[in-house]
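S.K.: Sequence:
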Amino acid sequence: MPLIPEEPQIHESAQGPRATPASGRTAPTPRPVPGPRPAVPSRPGRPGPPRPAPPVQRASRDAAPAAESAPAGRSDRAAATPQIQLIPASAQGALDAAEEAVDLLLDSGRAPGDVLVITTGEPHPWATHELSFGEASYWAQHDAGDDVFYADAKVAERAGARPVVVVAVNGGPESAAASALSVAHARAGALLIVCGDPQRINSVLGAAV
Numbered sequence: 001m002p003l004i005p006e007e008p009q010i011h012e013s014a015q016g017p018r019a020t021p022a023s024g025r026t027a028p029t030p031r032p033v034p035g036p037r038p039a040v041p042s043r044p045g046r047p048g049p050p051r052p053a054p055p056v057q058r059a060s061r062d063a064a065p066a067a068e069s070a071p072a073g074r075s076d077r078a079a080a081t082p083q084i085q086l087i088p089a090s091a092q093g094a095l096d097a098a099e100e101a102v103d104l105l106l107d108s109g110r111a112p113g114d115v116l117v118i119t120t121g122e123p124h125p126w127a128t129h130e131l132s133f134g135e136a137s138y139w140a141q142h143d144a145g146d147d148v149f150y151a152d153a154k155v156a157e158r159a160g161a162r163p164v165v166v167v168a169v170n171g172g173p174e175s176a177a178a179s180a181l182s183v184a185h186a187r188a189g190a191l192l193i194v195c196g197d198p199q200r201i202n203s204v205l206g207a208a209v
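Following the working numbering, the numbering of the sequence shown begins with 1 at its first residue and continues without gaps.
If you are wondering where the hints come from, they were derived from the structure by calculation, not from laboratory data. Note that beta-carbon positions come from the ideal geometry of N, C-alpha and C, so glycine has one too. Don't take each hint at face value.
Claimed, not checked - Distance ranges between label pairs, derived from CB positions:
hint: 1; residue 1: G134; residue 2: P88; range: 32 to 38 angstroms
hint: 2; residue 1: Q92; residue 2: K154; range: 19 to 25 angstroms
hint: 3; residue 1: D107; residue 2: Q141; range: 31 to 37 angstroms
hint: 4; residue 1: G93; residue 2: H129; range: 17 to 23 angstroms
hint: 5; residue 1: W126; residue 2: D197; range: 19 to 25 angstroms
hint: 6; residue 1: S175; residue 2: D107; range: 32 to 38 angstroms
hint: 7; residue 1: G109; residue 2: S132; range: 18 to 24 angstroms
hint: 8; residue 1: G113; residue 2: R200; range: 26 to 32 angstroms
hint: 9; residue 1: A144; residue 2: S203; range: 19 to 25 angstroms
Make the full structure from the sequences, and use the hints.
M.R.: Here it is, written out as structure tokens:
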């Protein structure tokens with residue numbers, strides 16, 4: 001009896017291209033999923049989340065109507081009228097009182113160039129010394145505006161405006177005191193200090209201002 005060749009049987013254990021066990025292949029290493037980056041600091045040296053953008057300032061627009069509502073004439077008059085301070089002193093001590101007032105102004109933070117001192121009697125020693133070098137050099141220091149400037153009542157009208165004017169009523173005729181106070185009131189931007197006899201000052205100041 002002829003033998004019929006047996007068909008080859010495929011066993012489950014037979015290896016084929018599809019039967020490759022999972023252990024036989026190298027599994028790819030999973031890549032880490034990048035997470036959210038840390039927030040960049042808003043300013044160098046200040047770690048932490050960035051600060052939100054500042055809101056748009058509208059205060060200037062909102063405040064504009066309020067500023068416009070104030071009467072313009074009243075504000076202009078208030079700004080143009082300096083505060084007047086009277087320091088009682090005799091004619092002989094008026095210059096020393098003016099010097100003390102200047103020292104207090106400088107100690108409180110006033111710049112030297114903000115102060116003008118006017119004398120009605122004897123000129124201040126500084127003015128006498130500087131005028132010895134000529135009027136051009138004297139007034140050049142006034143124009144520079146770097147220091148306290150001292151002027152006699154006769155030439156005070158040539159001086160320019162400064163925030164503070166100090167008047168030393170240290171003698172001289174009534175006309176000199178009246179002229180000095182009138183000029184001082186016109187030149188003082190914020191404060192007018194008058195050193196001298198109160199009765200004389202009040203009578204002259206009332207006529208000069």
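S.K.: Evaluate each hint against the coordinates.
M.R.: Consistency of the hints with the structure:
1. G134 to P88: 32 to 38 angstroms: Holds: the Cβ-Cβ distance is about 37 angstroms, inside 32 to 38 angstroms.
2. Q92 to K154: 19 to 25 angstroms: holds (20 angstroms)
3. D107 to Q141: 31 to 37 angstroms: violated (22 angstroms)
4. G93 to H129: 17 to 23 angstroms: holds (22 angstroms)
5. W126 to D197: 19 to 25 angstroms: holds (24 angstroms)
6. S175 to D107: 32 to 38 angstroms: holds (34 angstroms)
7. G109 to S132: 18 to 24 angstroms: Roughly 32 angstroms apart at Cβ, these two residues miss the hinted range, so it is violated.
8. G113 to R200: 26 to 32 angstroms: With Cβ atoms ~30 angstroms apart, the hint holds.
9. A144 to S203: 19 to 25 angstroms: About 36 angstroms separates the Cβ atoms of A144 and S203, which means 19 to 25 angstroms is violated.
Going through the hint list in order, the structure does not satisfy hints 3, 7, 9.
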